[in-house]
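**Q** Chain residues, written in single-letter form:
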Amino acid sequence: MNSSDVDILLVDDSQDDVDLTLHALRSENLANHIFVARDGEEALDFLFCSGPHAERSFDHPPKLVLLDLKMPKVDGMQVLKRVKGDPRTRAIPVVLMTSSREERDLVSGYNMGVNSYIQKPVDFEEFRKMVKLLGLYWLLVNRPLVGQSMPRAAGQAK
Amino acid sequence: MNPSFHLLIVDDNPADVSLVREGLAEAAYRGEIDRVGDGAEALAFLNRSGNFGRAVTPDLILLDLNLPKLDGLAVLAAIRAAPELRRIPVVIFSTSQLSRDITRSYELGANCYVTKPGNLTDFFSALKAIDRFWFGSVRLPSRAE
Amino acid sequence: MSAAGTKAALQELPPSQAKLLLVVEDSAADAALMLRELRKDHCDVLATVVQTAVEFEQQLKQRRPEVILADYNLGGWSGMETLEILRREGLDIPVIIVTGALGDVLAVECIKQGATDYVLKDGLARLPEVIRRALREKTERTLRHHMEEDLARKVDELARSNAELEQFAYVASHDLQEPLRMVTAYTQLLGQRYRGKLDETADQFMAYAIEGAQRMQVLILDLLAFSRVGRQEMAPTTVDSNAVMKEALHILNAAIQESGAVVTYGELPAVLANSTQLLQVFQNLIGNAIKFRGKQPPCISVQAEKNDRHWRFSVSDNGIGIAPEQTENIFVVFHRLHTRKEYPGNGIGLAICRKIIARNGGKIWAESKDGAGTTFHFTIPLPATGETQGPPL
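Residue numbers (my numbering), protein chains in the order written: chain A, 1409 to 1566; chain B, 415 to 559; chain C, 1030 to 1422.
Next comes chain A alone, as it looks inside the complex (with noise of 0.2 Å):
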C-alpha cells in the first residue's frame, strides 16, 4: 500500500485490539487504508516523515489518528503533545482510545487539543459498535483534512 494513501493510522500495542478494530471498520468498508503503529515511537515516525518512514510526506497525512493512551517506549499522551504541538501536524484529527477511565488524562487531553476521546468498551460488542460509529462519523459525516487526492503518473515528484 502506497503510504500516502494512508486514512486511518491506528496506534496500539494490544494485538486483540487492533484486530478487533480492523474487523469492526472492515465491516463498514472503512479498513482499505489502515496502517498500524504499535507503538508511539513508530507512530511518530510515520506522521513527522522521519526514521523507516523517511519516503513519506507531510502532504499526505492520514485522515484520522486512533490513539491508544497506554503505551511502552512512547505513550499516547506524548504522541499528542507532539503532533498537536507541531504546524506541520496540527490539524490532523486525533481520536484517543483508551481503556484510562483517568479524568485527569481527560481534562488534560482536550487540553492539548485531541479531537475527540473515546473511552474503549470493555464488552465485545460495544467496542465494535464503538468503533463503527467512530469510522463513520470521522470518514463520512466530517470533512476530513484535505490532502492530496488524485491518482498521480509513477515517477511524479511531489
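If you're looking for bench data, these hints aren't it; they were derived computationally from the structure. Fair warning: this is a prediction, and the values are worked out from it, not measured in the lab. Even glycine gets a Cβ: it sits at the ideal position worked out from N, Cα and C. There's no promise every hint is true.
Here's a subset of chain C near chain B, in silico, CB distances under 8 Å, partners left out [what the hints assert, rightly or not]:
{"#": "1", "residue": "1207"}
{"#": "2", "residue": "1210"}
{"#": "3", "residue": "1211"}
{"#": "4", "residue": "1213"}
{"#": "5", "residue": "1214"}
{"#": "6", "residue": "1217"}
{"#": "7", "residue": "1218"}
{"#": "8", "residue": "1246"}
Start from chain A and add chains B and C according to the hints.
**A** Leaving out everything else, chains B and C in the frame of chain A:
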C-alpha cells in the same frame, strides 16, 4: 441521553438555528440548547460577561464560520487561547466546503468539521450523527471550575 | 547660400503634404546639393538645416522631423551621434547618413548602429528614393504598432470580460445556494409536518414547491460546477488516465451495479491534463452511457489512440443513441433531448465536458445513429515542443 447536556449554537441565521433544533428534536436530544447570533456574543456568553452573567458553560459548541462582528475562526482561536474554555469541544457547522476553511479550522483546534448539508434529510442525519457521537459515545471533559 | 536661404528656397509644397526633413550638415554647399536632388524628384519635404548637436536637439524639440539626413563627417562631431540623441529622447525617426566615402564595413556598421540607410555624396540621385522608402517603412511600422496595441487591448478586454462573466456566474450560483437551501429545507419540513393534516390541495401545493426547490438546487449546483471549470487554477500535470478511469468507475459503482453495466477499457496513456477535470469528463461520459441505456444492460468500451498531435479517447456504448442532427446540440448548456421523466438530469454534463476539453486544448464530439449506440471522442494534446495548438472550434 443525559438530560444535563448543554449545547451552544453559534449561528447568525435564525432559520438554520431552527432547523438544528428540529433536527436535534428528531434525534431525541433532550439536553439544553443555547444560541447566540454573532462572534462577539459567543465570547460574551462563554466568558459570562454582560447580559450572559448566568450562562452555563456548554459541553459542546456548534460553530458557524460566517458570523457578523467576529467570525467563526476568530471565535475558535479565542476559545483555544482561554485556559478555562480551551477544553470545550467545538464542531464547525458551516456551509463552506472550501479546503482552506477546513484546514484552517483544524489548525486552530476545531474538533471536527461538518458541512451543512443542502437537503433536509441529510441535514437531519448529520445532526443525528453529531448527537449520537458527541452526546452518546465520546467522553466529554468536565466543566472547568 | 545660407541655411536660412536654403530653407526659404524650399518652401515649395503645401505644408500638409510635405514631410518635415531635418538636415544635419555643416557645409552649406553640400546641403544645397541634397535639397536640389530632392526638388528635382518632386520629393515632398519641408527642410530645416542645422550644423551643431545643440541646434539639432533644439530643432527636435521645436518641430519634430519625420526624417533626418545627417552627414557622417561634421566639424567636430559625426552624424551618427544623432542616433544617440534620438535614442536618449526615445524617438523613432529614420536617419539617413550621407557621406563622401564610406567603406562597406563602415556602412554596415552605421546600419547596425541604427541608421536606416546611407547615401554617398556622389550618389545623391538615390536620395529621394531612399527618403521615400524610409518614410514608407516608418509608416508601416507605426501602423503595425498601432494594430498590435489595438489587438492587445482587445484581447485584454475580452479576457477581462470573460473573467467577469465567469466570476458573475460563480458568485450568482454560489450566493443563490444559501436562500435556496432555506427554501428547500423548509418546504420539505412543511411537507413532513403537515402532509395529510391540511387538505389534498395543500399536499399537492407542497409537493410542487418541494420539487421545484429541489430542481433549482441541482441547477444551481450544476451552474456552479460549470463556472468553476474556468476558475480552477491547477496547471496540467502528467496524469495516469488508467488510474483516473479506475477512480471514475469507483465513483459510479452504484450505477454500474444497478444497471448491470459492463465497462471495459484498453491500456490508457499518461497524458498532460488536470486530473480532477479529467475525472469529471470520464465520470460524465460513462455516467451518461449508463443512464441513456436501451433495453439491454449497458456495454461500454473506452479506448485511446495516439497520433502525432494528440491522444484520442473514445467512449462507446450500446445505448439509445443520438439523432445525427442533434450531435452538436447536446453540448449546449442545459440543452436536453429528452424529458425529465424519461431521463433525469439537467443537461449540463456535456457542456462541462466540452469546456474542460476545450480549455485543455482538445476537442470533443459525438458519433451516433439514433437507436444504435453512441461513441464520444475527445482529444488531449500531446505535450508540445514549441508548437502551440490553437483553440478548437
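**Q** Against chain B, with CB atoms and a cut of 8 Å, does the hint on residue 1211 (chain C) hold up?
**A** 5 Å, holds
**Q** A closest beta-carbon separation below 8 Å is what the hint needs, so does residue 1210 (chain C) meet it against chain B?
**A** 5 Å, holds
**Q** Closer than 8 Å between Cβ atoms is the bar; does residue 1246 (chain C) clear it against chain B? Give me holds or violated.
**A** Nearest chain B Cβ about 6 Å off; hint holds.
**Q** Answer holds if the nearest beta-carbon of chain B is closer than 8 Å to that of residue 1218 (chain C); otherwise answer violated.
**A** 6 Å, holds
**Q** Grab the minimum C-beta distance from residue 1207 (chain C) to chain B and call the hint holds if it beats 8 Å, violated otherwise.
**A** 7 Å, holds
**Q** Quick check on the hint: residue 1214 (chain C) CB to chain B CB, less than 8 Å?
**A** 5 Å, holds
**Q** Should the interface hint for residue 1217 (chain C) be scored as holding, given a Cβ-Cβ cut-off of 8 Å against chain B?
**A** For residue 1217 (chain C), the interface hint holds, since the closest Cβ of chain B sits about 4 Å away, which is under 8 Å.
**Q** Report holds or violated for the interface hint on residue 1213 (chain C), using the least CB-CB distance to chain B and a cut-off of 8 Å.
**A** Given a least distance of 6 Å, the restraint on residue 1213 (chain C) holds.
Checked against the numbered hints above, the structure breaks none of them.
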